[in-house]
Amino acid sequence: MILEARDVAKRYGEFPALRGVSLAVGEGEFVSIIGPNGAGKSTLVNVLTGVLAPSAGRVMFKGRDVTGVGPVRMARLGLARSFQLVQIFPDLTVLETLQAAAVSRLGRGRRLLASLAGDRAVQAAAMEVAELFGLGTRRHALARELPQGDKKLLDVASAFALRPEIILLDEPTSGVSTAEKTAIMEILVRAARSMGLRAIVQVEHDMDIVFAYSHRIIALHEGRVLADAAPAVIRADARVVDTVIGRPRAQAGARGAEDDPR
Amino acid sequence: MSTLPGGAGRWVLAAALVAALLVPHVAPTYHVLLMLPFMAYGVILLGLNLLFGYTGLVSFGHALFVGLGAYAGAVLTGLLGVRHMELILLAAAAGAALVAAAVGALCVRYVKIYFGMLTLAFGMVFYTFLLKFYRFTGGDEGMPVLRPALLGWPLSAMPKTDYLAGPYYYYSLAVLVLAGVLMWRIVHSPFGLCLRTIRDNPLKAEALGIGVTRYRWWAFLISAVYAGVGGALLGPPTGNVDPTLAYWTHSGNIVFMTLLGGFAHFFGPLVGAFAFIYLQDWVMSVFPYWRLVFGAILAALVIAAPGGLMGLATRWTRGGARAEAGPR
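As given, the protein sequences belong to chains A and B, one line each in that order.
What the first sequence shows, in the working numbering, is residues 1 to 262, in sequence order.
What the second sequence shows, in the working numbering, is residues 1 to 328, in sequence order.
Hints are not guaranteed to be accurate.
As the list claims (entries may be wrong) - Per the computed footprint, the stretches of chain B lying under chain A, defined by three or more beta-carbons under 8 Å from a beta-carbon of chain A, are:
1. 182 to 191
2. 196 to 208
Unchecked claim - If you anchor each label on the Cβ, the simulated ranges turn out as follows:
3. B:G295 to A:L113: 56 to 62 Å
4. A:V233 to B:A101: 54 to 60 Å
5. B:G295 to A:G134: 50 to 56 Å
6. A:T178 to B:R291: 57 to 63 Å
Stated by the list, open to error - Computed footprint of chain B on chain A, listed as stretches where at least three residues anywhere in the stretch have a Cβ under 8 Å from a Cβ of chain B:
7. 87 to 93
8. 102 to 115
These aren't lab readings, by the way, just hints derived from the structure by calculation.
Where a beta carbon is used, it is the ideal one built from N, C-alpha and C, also for glycine.
Sequences are here, hints too, so could you generate the full structure?
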């Protein structure tokens with residue numbers, strides 16, 4: 001197992017956001033975490049990426065206990081993430097953003113007087129990722145001047161530029177148009193393959209995306225794992241369909257209005 | 001991304017440097033002497049802008065390090081009998097680094113107004129120390145700074161004005177140029193890029209494995225060293241240092257100079273220091289309430305030209321694009 005959560009719980013004051021979540025992500029897997037709003041997905045991502053220390057339970061990464069070690073350490077160990085709400089460096093160019101990730105990965109940040117422009121390894125690494133994500137032609141654009149879809153892509157691309165072993169994508173296609181969603185997914189799956197990532201975990205609301213790309217789906221509900229199975233099994237799981245996925249309109253109508261949770 | 005200022009900027013810089021070299025030969029002594037505080041503040045502001053423009057932290061207590069550097073010169077020349085400018089600069093840098101290491105460790109855990117207030121508080125502590133430890137610091141009268149030898153030359157037989165407008169002028173210019181070249185390298189290094197990621201988005205920087213607090217601490221330390229060195233340069237021209245150098249209004253002036261020149265540009269602070277010194281001199285000569293005028297200028301700047309003078313210059317030359325982007 002590359003990444004594991006063991007009985008992770010997290011309370012915010014009185015409110016239990018996670019009530020004992022266990023999961024494991026193995027070699028070569030693409031795992032999607034789904035769940036309605038408030039199910040604890042964001043909290044789980046923040047615990048897995050070291051941003052939040054859990055109230056109980058442990059997080060293991062490559063067999064090492066990494067519970068609450070913080071995002072900086074997690075990034076160095078080989079776990080990268082992207083954000084649900086796009087996180088970019090507004091006044092940096094596309095290339096500079098990717099260079100920053102390369103500088104971090106190659107441990108060049110202490111070089112006070114070295115020339116960034118003259119650092120071939122950093123320059124090449126940034127350029128490679130820019131091309132891989134189709135951002136090559138916009139490489140000198142300021143991040144804040146990019147269209148929304150490209151901002152999202154840059155957020156993800158800079159996480160990839162860390163050359164992590166595993167990447168956690170928090171709603172990689174949220175906030176972008178339906179037409180762009182598939183394009184973004186295709187780019188990042190291709191990038192993961194060519195950069196040799198060992199696993200991908202994503203939190204996603206769009207069920208078309210979830211079922212098209214996942215090897216395994218973990219459904220969260222009220223801070224617990226409701227189901228953890230292959231897409232076909234999940235699709236047949238009535239509880240998951242009712243609480244998380246929702247039924248197509250015709251089926252929902254056939255089941256009668258009294259069953260409608262809304 | 002070039003490692004040298006590009007295009008027209010290169011020629012402007014070269015022209016400014018040639019002009020600075022010629023000033024003692026062509027300008028009246030009065031103006032030559034006005035250049036001395038400009039060059040000292042130039043060094044201070046280069047450092048401040050590493051923190052302000054590149055790391056996104058506004059210090060309201062930077063006069064602490066300016067005062068520290070200035071008093072280092074007084075203590076060395078007056079109390080310890082060390083009359084070498086190189087040793088004074090070294091002591092100022094070391095003293096500033098030492099104090100900044102401790103003060104910075106506390107301050108950089110906070111951002112925005114909290115960071116500003118904490119630096120202000122430490123600045124006031126130092127000011128009070130200078131004011132109250134009369135026996136050691138001379139209280140509000142301050143301490144004399146005796147004429148230091150430059151590169152081993154005592155130059156003690158020279159009339160004071162000749163010394164300041166000649167050797168000391170070129171010495172200050174050399175320090176400023178060296179400080180500028182070093183700072184240019186720092187901001188265009190991998191380290192400098194990491195600072196800019198932290199300025200723009202600390203959350204994202206951490207997700208990329210960039211330790212925000214550690215980088216902020218280093219930026220604080222370097223900017224303090226620059227303030228110390230610049231402070232040490234301020235002493236010999238006046239021949240005396242007093243606690244107002246460490247007072248919070250002095251910190252305010254430094255921030256104002258940076259805003260005036262434009263923190264979003266590498267050379268903005270230098271332009272700001274130059275403009276401030278000459279504007280202050282001119283306004284004071286025609287109108288006794290110079291602070292009133294400067295207050296109005298500050299208000300106008302913040303409202304109409306947040307990019308400062310360099311922002312206006314880039315807006316005119318490039319038609320507005322990128323005028324307000326962060327420095328690169």
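Cross-check of the supplied hints:
Under a criterion of three residues with beta carbons nearer than 8 Å to beta carbons of chain A, the stated coverage of the region 182 to 191 of chain B is upheld, 7 such residues being counted. Coverage of a stretch by a chain is defined here by at least three residues with a beta carbon nearer than 8 Å to that chain's beta carbons; for the region 196 to 208 of chain B and chain A the count is 11, and the condition holds. The hint said 56 to 62 Å for the Cβ distance between B:G295 and A:L113, and at roughly 40 Å that hint is violated. A hinted range of 54 to 60 Å for the beta carbons of A:V233 and B:A101 is consistent with their spacing of about 58 Å.
Range check, B:G295 to A:G134: about 51 Å between beta-carbon atoms, so the 50 to 56 Å window is met. A C-beta distance of roughly 59 Å is found between A:T178 and B:R291, which places it inside the suggested range of 57 to 63 Å. As drawn, the region 87 to 93 of chain A meets chain B at 6 residues by the rule of a beta-carbon pair under 8 Å; at three or more, the given contact holds. Remark: the region 102 to 115 of chain A is confirmed as covered by chain B, as 11 of its residues place a Cβ nearer than 8 Å to a Cβ of that chain, reaching the required three.
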